[in-house]
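Read in order, the letters of the first sequence are residues 0 to 426 in numbering that gives the first Met the number 0.
Everything labelled a hint here was simulated from the structure, so no lab data went into it. Warning: the hint list may mix true and false statements.
[To be verified] Lysine-lysine pairs mimicking DSS-like chemistry, simulated, CA-CA at most 25 Å apart:
| no. | residue 1 | residue 2 |
| --- | --- | --- |
| 1 | Lys196 | Lys186 |
| 2 | Lys221 | Lys252 |
| 3 | Lys186 | Lys165 |
| 4 | Lys221 | Lys196 |
| 5 | Lys406 | Lys362 |
| 6 | Lys165 | Lys252 |
| 7 | Lys79 | Lys64 |
| 8 | Lys64 | Lys125 |
| 9 | Lys406 | Lys376 |
| 10 | Lys165 | Lys5 |
| 11 | Lys424 | Lys406 |
| 12 | Lys406 | Lys377 |
| 13 | Lys196 | Lys165 |
| 14 | Lys384 | Lys424 |
| 15 | Lys125 | Lys186 |
| 16 | Lys186 | Lys64 |
[Said to hold, decoys possible] So the derived label-pair ranges between C-beta atoms look like this:
| no. | residue 1 | residue 2 | range |
| --- | --- | --- | --- |
| 17 | Lys79 | Arg361 | 51 to 59 Å |
| 18 | Gly258 | Ala68 | 40 to 48 Å |
| 19 | Glu303 | Ile365 | 28 to 36 Å |
| 20 | Gly258 | Glu39 | 25 to 33 Å |
| 21 | Thr18 | Asn201 | 47 to 55 Å |
| 22 | Tyr35 | Val398 | 51 to 59 Å |
| 23 | Arg120 | Lys252 | 35 to 43 Å |
| 24 | Ala68 | Leu14 | 26 to 34 Å |
| 25 | Pro15 | Glu39 | 18 to 26 Å |
| 26 | Ala194 | Glu78 | 21 to 29 Å |
Glycine is no exception: its CB is placed at the ideal position from the N, C-alpha and C atoms.
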Amino acid sequence: MAGLIKAVSGTRDLLPPDTETWNFVEATVRDLFRLYNFHEIRTPVIEDLQLFRRSVGEETDIVSKEMFAWEDRARAASEKAQWLALRPENTAGVVRAYIQHNFHERPGLQRFYYIGPQFRRERQQKGRYRQFYQIGAEVIGTTAAGSESPAVDAEILEMLAALLDKLGLTGWTLELNSVGCSNDRPKFHEALRSALKDVVQNMCVDCQRRAETNPLRVLDCKVPEDQPIIESLPRLSDYLDENCRTHFDEVQKILSAVGIPFVLNYRLVRGLDYYTRTAFEFTHGALGAQNAILGGGRYDGLSEALGGPAAPGIGFAIGEDRLVMALQEHSKLAQRAVDIYIAPLGAGMNVETARLASELRRKNLIVSVGDETFRLKKSLETASKAGARFALIVGENEVQSGQFALKNLATGEQVAATRDQIEGKVR
RNA sequence: GUGGGUAUAGUUCAGUGGCAGAACGCCAGACUGUGGCUCUGGAUGUCGUGGGUUCGACCCCCACUACCCACCCCA
């Protein structure tokens with residue numbers, strides 16, 4: 000079709016019946032996260048570009064290449080120009096809000112969750128869009144409130160496992176690593192850099208680039224020829240300081256105790272600069288190249304990096320698009336059907352139909368109303384196609400006698416029912 | 001940002017340098033108050049957009065755009 004306006008590249012419409020799955024996921028998330036005492040937070044889609052430079056990291060691809068950013072022209076000429084950006088992720092916004100609203104003055108740990116669109120200017124493919132949706136949660140607080148406790152890490156991971164189970168998703172894998180803290184990361188970086196110096200010329204071109212820009216990423220390389228070299232590189236686990244090591248051990252101990260299966264992946268790294276210590280990823284085979292359903296980890300220095308108080312935290316982001324995709328391929332979702340299709344038979348039946356529909360809906364039945372100009376045959380056909388369980392025939396005879404014809408569309412059985420009996424007969 | 005593939009009916013897809021096709025879906029009738037099955041009939045469309053070659057292009061060539069897959073990156 001020429002000349003028609005379509006959804007812009009990399010964006011898409013979420014349509015019925017898929018939106019049923021989206022709602023199911025989100026409803027499940029809200030119910031479950033509430034059990035863990037998380038509360039929803041909604042931050043703006045637009046933020047100051049500086050926020051992402053300082054948190055996600057200036058050198059990351061996300062910030063350096065993939066941001067939708069522009070100069071704000073609405074400000075007075077006397078003011079300094081401000082650059083705005085569509086958020087590429089939501090943790091930075093949540094931590095900004097935590098700082099801005101002085102949440103560290105509130106008692107205990109803050110537990111937030113969010114559901115919303117994120118934006119990255121990438122070339123799309125399966126499971127990757129320029130506007131995509133993330134469901135995330137963050138636990139932030141002062142150390143005194145227990146924010147650094149490995150119990151928090153384990154609780155979050157257990158919550159995620161519970162979520163995926165509740166959604167009916169099978170076949171996921173939890174990969175776990177510790178990427179160290181500000182104490183031991185520089186030492187490891189140095190060791191990695193010097194080890195790379197000798198071997199990097201034998202590695203793929205991407206790794207040669209990464210060795211310069213982001214050495215940790217070399218560990219993530221998937222080129223087969225590079226694997227023996229990567230095996231020989233220093234491992235982060237050998238450079239963890241005492242605190243980080245016991246912290247990570249404790250996380251694993253709790254996970255095992257609550258029966259959450261995981262695999263250690265010493266090569267697992269995170270793409271955002273703010274991550275520290277516990278890092279994790281849930282993957283699923285149904286997703287093709289974009290096999291990470293969710294990722295997360297600790298970010299103990301993020302608040303300070305944004306000019307806030309010391310407030311260690313941990314969080315994750317679920318790729319909702321990917322989760323929905325995996326669910327649709329790996330679980331049967333039961334969808335609630337239309338309970339009653341009301342077939343008004345002939346002119347003048349709209350009033351009675353509207354009255355019945357209103358009554359039945361107040362009794363929490365899903366009711367779809369037909370057109371009085373339809374012949375009965377067409378009404379029943381329409382009812383069947385709508386997936387309705389019952390058809391309620393509203394004609395002159397029925398209105399006269401007060402006995403409505405209620406037809407079970409699956410069995411073909413038809414009974415007469417007074418308006419008060421209808422609900423009981425369809426339940 | 002890079003590479004490969006695809007673009008024809010509502011959908012999934014065939015197709016040939018010379019009349020635009022199938023299946024499913026949709027609409028109607030057979031059946032005027034009883035659906036699903038069946039039968040009969042019907043409507044589909046600038047063959048992605050723009051240009052070129054040709055007597056003639058849906059088909060060949062070029063460009064563009066979109067989508068899909070992969071790289072990269074990440075959720």
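Query raised in the report: Which hint numbers does the structure go against, in order from smallest to largest?
Result: 2, 3, 10, 13, 15, 16, 19 and 26
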